[in-house]
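One line per chain: the protein sequences are A and B, in this order. Sequential numbering from 185 applies to the first sequence in my numbering. Sequential numbering from 62 applies to the second sequence in my numbering.
Accuracy of the hints is not assured; some may be wrong.
[To be verified] Only pairs whose alpha carbons sit at most 20 Å apart, straight line, appear in this in silico SDA-like list of lysine to any residue: (1) A:Lys254 x A:Glu189; (2) A:Lys290 x B:Arg98; (3) A:Lys287 x B:Leu108; (4) A:Lys287 x A:Thr207; (5) A:Lys287 x B:Asp146; (6) A:Lys290 x B:Tyr163; (7) A:Lys290 x A:Leu230; (8) B:Lys141 x B:Glu164; (9) A:Lys252 x A:Asp187; (10) A:Lys287 x B:Lys141; (11) B:Lys140 x B:Gln123; (12) A:Lys290 x B:Gln123; (13) A:Lys240 x B:Tyr163; (14) A:Lys290 x B:Gly104; (15) A:Lys251 x A:Thr207; (16) A:Lys240 x B:Glu164; (17) A:Lys252 x B:Tyr166; (18) A:Lys290 x B:Leu108; (19) A:Lys290 x B:Phe149; (20) A:Lys287 x A:Asn236; (21) A:Lys290 x A:Ser268; (22) A:Lys287 x B:Lys140.
In case anyone wonders, no lab produced these hints; they're calculated from the structure.
The lines below spell out each chain.
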Amino acid sequence: GEDVEQSLFLSVREGDSSVINCTYTDSSSTYLYWYKQEPGAGLQLLTYIFSNMDMKQDQRLTVLLNKKDKHLSLRIADTQTGDSAIYFCAGTGAGSYQLTFGKGTKLSVIP
Amino acid sequence: SQTIHQWPATLVQPVGSPLSLECTVEGTSNPNLYWYRQAAGRGLQLLFYSVGIGQISSEVPQNLSASRPQDRQFILSSKKLLLSDSGFYLCAWSVPTGGPSYEQYFGPGTRLTVT
Numbered sequence: 185g186e187d188v189e190q191s192l193f194l195s196v197r198e199g200d201s202s203v204i205n206c207t208y209t210d211s212s213s214t215y216l217y218w219y220k221q222e223p224g225a226g227l228q229l230l231t232y233i234f235s236n237m238d239m240k241q242d243q244r245l246t247v248l249l250n251k252k253d254k255h256l257s258l259r260i261a262d263t264q265t266g267d268s269a270i271y272f273c274a275g276t277g278a279g280s281y282q283l284t285f286g287k288g289t290k291l292s293v294i295p
Numbered sequence: 062s063q064t065i066h067q068w069p070a071t072l073v074q075p076v077g078s079p080l081s082l083e084c085t086v087e088g089t090s091n092p093n094l095y096w097y098r099q100a101a102g103r104g105l106q107l108l109f110y111s112v113g114i115g116q117i118s119s120e121v122p123q124n125l126s127a128s129r130p131q132d133r134q135f136i137l138s139s140k141k142l143l144l145s146d147s148g149f150y151l152c153a154w155s156v157p158t159g160g161p162s163y164e165q166y167f168g169p170g171t172r173l174t175v176t
């Protein structure tokens with residue numbers, strides 16, 4: 185089945201860019217997602233990218249997909265303290281409506 | 062617009078007691094429904110999913126069960142809780158199979174502490 189890996193922690197200064205990386209194993213993943221989880225809350229879908237795209241930009245968020253290397257990244261420009269959260273990468277594996285989540289990257293923004 | 066509700070928000074239960082967590086979705090029909098558990102370490106573990114009333118698939122064998130008595134209601138249960146059942150339980154929904162992009166939308170979660 186699908187396996188999704190992320191680094192566990194990232195610390196950046198306010199105003200800098202954050203880059204959160206993710207690797208996945210299932211090359212047939214059709215969609216790849218980024219979710220955000222604030223403390224004590226559910227997951228909020230931030231953005232997703234279809235597997236035939238290389239890049240998707242949405243305001244401060246840029247998603248890059250390297251399908252050859254099975255590598256996905258989320259770049260947050262001008263990171264703010266409100267961006268502090270856990271960010272999950274997820275992919276559709278076998279069974280297109282099921283998602284496999286990474287363990288999440290905890291982003292800490294230093295004022 | 063669609064909304065998803067979970068209750069209770071927090072729950073403290075003794076070992077061996079029963080459990081019932083409820084999830085309801087509004088504003089959509091025939092959604093796919095999911096139960097996840099998020100234990101310490103933050104990983105999300107898919108417990109159950111359902112593509113229709115009475116249709117439940119279990120991903121992980123354990124002392125939990127799920128039921129879907131109505132189209133937009135998903136219930137997570139246990140007859141006897143274990144300490145290891147403590148965690149943050151998340152319900153999610155997605156458009157029916159064959160929808161545009163399969164993204165899942167999550168409820169606010171239930172924090173369960175088994176003592």
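Hints versus structure:
1. A:Lys254 x A:Glu189: holds, 11 Å
2. A:Lys290 x B:Arg98: Since the Cα atoms of A:Lys290 and B:Arg98 sit roughly 18 Å apart, the hinted pair holds (cutoff 20 Å).
3. A:Lys287 x B:Leu108: holds, 16 Å
4. A:Lys287 x A:Thr207: holds, 12 Å
5. A:Lys287 x B:Asp146: This hinted pair holds, its Cα atoms lying about 18 Å apart.
6. A:Lys290 x B:Tyr163: Cα-Cα ~25 Å, so violated.
7. A:Lys290 x A:Leu230: holds, 15 Å
8. B:Lys141 x B:Glu164: violated, 33 Å
9. A:Lys252 x A:Asp187: Holds, at roughly 16 Å.
10. A:Lys287 x B:Lys141: Violated: A:Lys287 and B:Lys141 sit about 28 Å apart, past 20 Å.
11. B:Lys140 x B:Gln123: holds, 11 Å
12. A:Lys290 x B:Gln123: Violated, because 29 Å separates the two Cα atoms, which is more than 20 Å.
13. A:Lys240 x B:Tyr163: Holds, because 17 Å separates the two Cα atoms, which is no more than 20 Å.
14. A:Lys290 x B:Gly104: Judged against 20 Å, a Cα distance of about 12 Å means the pair holds.
15. A:Lys251 x A:Thr207: holds, 10 Å
16. A:Lys240 x B:Glu164: holds, 16 Å
17. A:Lys252 x B:Tyr166: violated, 29 Å
18. A:Lys290 x B:Leu108: violated, 23 Å
19. A:Lys290 x B:Phe149: holds, 17 Å
20. A:Lys287 x A:Asn236: With a Cα-Cα distance of about 25 Å, the restraint between A:Lys287 and A:Asn236 is violated, given a limit of 20 Å.
21. A:Lys290 x A:Ser268: Satisfied, since the Cα-Cα distance of roughly 8 Å is no more than 20 Å.
22. A:Lys287 x B:Lys140: violated, 29 Å
Hint violations for this structure: numbers 6, 8, 10, 12, 17, 18, 20 and 22, all remaining hints satisfied.
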